[in-house]
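With chain A fixed as given, assemble chain B onto it according to the hints.
The listed protein sequences correspond, in order, to chains A and B.
At position 147 of the first sequence (counting the first as 1) the number is 147 in this note's numbering, and the numbers step up by one without a gap.
At position 158 of the second sequence (counting the first as 1) the number is 158 in this note's numbering, and the numbers step up by one without a gap.
What the hints contain is simulated information worked out from the structure, not anything from laboratory work.
Be careful, since some hints might not be right.
Lysine-lysine pairs mimicking DSS-like chemistry, simulated, CA-CA at most 27 Å apart [unchecked claim]:
#1 K2/B x K27/B
#2 K281/A x K299/A
#3 K193/A x K2/B
#4 K299/A x K29/A
#5 K6/B x K35/B
#6 K299/A x K287/A
#7 K36/A x K287/A
#8 K201/A x K2/B
#9 K29/A x K193/A
#10 K27/B x K452/A
#11 K201/A x K27/B
#12 K29/A x K292/A
#13 K27/B x K198/A
#14 K287/A x K360/A
#15 K197/A x K35/B
#16 K281/A x K292/A
#17 K29/A x K287/A
#18 K29/A x K281/A
#19 K36/A x K193/A
#20 K27/B x K453/A
#21 K29/A x K198/A
Restraint ranges, calculated between C-beta atoms of paired labels, are given here [to be verified]:
#22 R196/A x S154/B: 42 to 48 Å
#23 N31/B x G455/A: 18 to 24 Å
#24 N31/B x R103/A: 29 to 35 Å
#25 D157/B x G194/A: 39 to 45 Å
Here are some chain A residues the structure puts well away from chain B; computed CB gaps all over 12 Å [as the list claims (entries may be wrong)]:
#26 L130
#27 L205
#28 V235
#29 I255
#30 A306
#31 P325
#32 W344
#33 V362
#34 I374
#35 Y396
#36 G402
#37 S407
#38 I415
#39 L448
Computed from a predicted structure; not experimentally measured.
Glycine residues also receive a C-beta, built at the ideal position from the N, C-alpha and C atoms.
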Amino acid sequence: MTTAEMRRRGALPNPDVGAYEDVNRDVLKVLSRPGKGWWILFALAVLGIGLFFTSWLGQIVRGIGVTGLNAPVGWGVYITTFVFWVGIAHSGTLISAILFLFRAPWRQSIYRAAEAMTVFAVMTAGLFPLIHVGRVWHAYWLVPYPNSRFLWPNFRSPLVWDVFAVTTYFTVSAVFFYLGTIPDLAAARDHTKGLRKKFYKIIALGWRGTDREWHHFSKAYIYLAALATPLVLSVHSVVSWDFAMSIVPGWHTTIFAPYFVAGAIFSGVAMVITLAVPMRKFFGLEKYLTVKHFEAMAKLCLLTAAIVLYAYLIEYFLAWYSGEPPERGSFWNRVSGHYWWANWIMLTCNGLVPLMLWFKRVRRSIAALFVISIFINIGMWFERFVIIVTSLSHEYEPWAWGVYRPSATEMGILIGSFAWFGFWFLLFTRLLPPVAIAEMKEVIPPPLGGRKKRGDP
Amino acid sequence: MKPRRKRGRQGLFALFEHLDTTIDACKALRNAGYKGFRAFAPLPEHQLLEDGLALTDSPVRVFTLAGGLTGAATGFAFTSWTSMDWPLVTGGKPILSIPAYVVIAFECAILFGALATVIGLFVNARLPNFRPMVAYHPECSRGSFGVYVAVPASRADEVRDILNRFEPEELREDPEGFDV
Numbered sequence: 001m002t003t004a005e006m007r008r009r010g011a012l013p014n015p016d017v018g019a020y021e022d023v024n025r026d027v028l029k030v031l032s033r034p035g036k037g038w039w040i041l042f043a044l045a046v047l048g049i050g051l052f053f054t055s056w057l058g059q060i061v062r063g064i065g066v067t068g069l070n071a072p073v074g075w076g077v078y079i080t081t082f083v084f085w086v087g088i089a090h091s092g093t094l095i096s097a098i099l100f101l102f103r104a105p106w107r108q109s110i111y112r113a114a115e116a117m118t119v120f121a122v123m124t125a126g127l128f129p130l131i132h133v134g135r136v137w138h139a140y141w142l143v144p145y146p147n148s149r150f151l152w153p154n155f156r157s158p159l160v161w162d163v164f165a166v167t168t169y170f171t172v173s174a175v176f177f178y179l180g181t182i183p184d185l186a187a188a189r190d191h192t193k194g195l196r197k198k199f200y201k202i203i204a205l206g207w208r209g210t211d212r213e214w215h216h217f218s219k220a221y222i223y224l225a226a227l228a229t230p231l232v233l234s235v236h237s238v239v240s241w242d243f244a245m246s247i248v249p250g251w252h253t254t255i256f257a258p259y260f261v262a263g264a265i266f267s268g269v270a271m272v273i274t275l276a277v278p279m280r281k282f283f284g285l286e287k288y289l290t291v292k293h294f295e296a297m298a299k300l301c302l303l304t305a306a307i308v309l310y311a312y313l314i315e316y317f318l319a320w321y322s323g324e325p326p327e328r329g330s331f332w333n334r335v336s337g338h339y340w341w342a343n344w345i346m347l348t349c350n351g352l353v354p355l356m357l358w359f360k361r362v363r364r365s366i367a368a369l370f371v372i373s374i375f376i377n378i379g380m381w382f383e384r385f386v387i388i389v390t391s392l393s394h395e396y397e398p399w400a401w402g403v404y405r406p407s408a409t410e411m412g413i414l415i416g417s418f419a420w421f422g423f424w425f426l427l428f429t430r431l432l433p434p435v436a437i438a439e440m441k442e443v444i445p446p447p448l449g450g451r452k453k454r455g456d457p
Numbered sequence: 001m002k003p004r005r006k007r008g009r010q011g012l013f014a015l016f017e018h019l020d021t022t023i024d025a026c027k028a029l030r031n032a033g034y035k036g037f038r039a040f041a042p043l044p045e046h047q048l049l050e051d052g053l054a055l056t057d058s059p060v061r062v063f064t065l066a067g068g069l070t071g072a073a074t075g076f077a078f079t080s081w082t083s084m085d086w087p088l089v090t091g092g093k094p095i096l097s098i099p100a101y102v103v104i105a106f107e108c109a110i111l112f113g114a115l116a117t118v119i120g121l122f123v124n125a126r127l128p129n130f131r132p133m134v135a136y137h138p139e140c141s142r143g144s145f146g147v148y149v150a151v152p153a154s155r156a157d158e159v160r161d162i163l164n165r166f167e168p169e170e171l172r173e174d175p176e177g178f179d180v
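Excised from the complex, chain A in its bound form:
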């Protein structure tokens, strides 16, 4: 659909953005001097990072015993939070790659922020295996290389697949993100002065916007999107197989891959909403992030919420239908066992609260969406907690059941991980154009009228 047709049909997502120059002005304005609010948030993030590293240092010095991890629950808050952050990472590539291939006209204003969020979320997630292994100085054992007796890692292990999936995902999403920003960095270079100009000059790689550059760039972008699309779907599938390939009741199920992918997109889109609402307000991007964009994201949330809720319900059905006592026991334990509250938080936040999105008024209310998105974030963390901790605490043999309680160290690292993520996101909003300038120009009407002026047909 051309922009002219979109305008006629009232489908133009950014009706208030007039000309190409306006996009540069409005977006690059964000890169100027930060306000007081930004500094307060930044200081909080730095404090949180302090908490994160002190907690981790405490664990390194005293050993993994400072956590609540023990038999039978050997995977706790760290793995829960790892899966949570990998999940958050999924919406960025969904919006930038899948919706790009589908030509969704609303993705342009939001995708840069979503993509940055992806990169930072994977950076956060990537720390958790290192924390979880305990002796972090041996973390390089994750890399596939032969040991001193030339025995290679077991490539039949889902944990090794995960190393490949997550490192590939980080590399590809970082490359995709950076490549997309190059034309905008050139715009920032032409806009700024002094030291900043030098900075942008280097990272824009000398982009000039010639036909040759654009031609190969737009083709390369399509191929990267085509590669990133199956990658997004594969990464959380592989993460789910970390669980599904084992025989733990509550984990060993074939629905895990699609269930995890839907949950990942669900939580990721919710996180985009959580970040986009304050960003829009603080940086005056109301013209760019309109109610239309939020409504589109809400619909995406609603779709994935429906899939997730279906997966929750079908899991109970399958446990009952299997007739397996351990499987049935595991699911009874979820609703009424020691961690019943976690299960009910999950069902309320991810199953019930998003049902409100069926109402158009809710979908079009930015305040309501912000609140709902926070509920979803909480619910999705608890979903992973329920899957991981509850299942491990209640396996086959009754004498091997046990209870896990996260320690202060684990909670410190959990809270600190949000600060670490926030730190990078705050830096991003100051250093890189938070809205894709060049791509925004694709959805606003091009400057025509030269022919008319000259009197040509």
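Same frame as chain A, now just chain B:
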């Protein structure tokens, strides 16, 4: 680094406000037999690239395909070779557990394919390009379009006439022509 000179040529740069004019100017230049002129744009405008400059396929796709295939082959070869290098039965599975290796091969295919695409882009679009930005107008990253032609001095008048016919906002002439 120095800009790439085109010997015996002079450069003309026209800045246009409108997209349709830029496309017409490019078409007129092509019809007059000029090749290798450059257009500048603030966005990947497909009409300009396809109608104005008749650009069609990009060899980047060959890089993507080659990278992806190399990645898949590497993934399979690596896992199979390491398993056979020290045959150790785990979990009663065959030494060559192909379904399990598909995951590794898939991830390697994506990784190599993506990196090869970037290399393909950089090679074909000549990036990074840290040569001095001759024949560039900062307006071209905002809202305007540019056309740059490097021609022998004898034909400069003809090109100037063609460009002027489309009423550019600005027409700049350099005594030297560059390859940009």
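Violated hints - listed by number, lowest first:
1, 4, 11, 13, 15, 27, 28, 39
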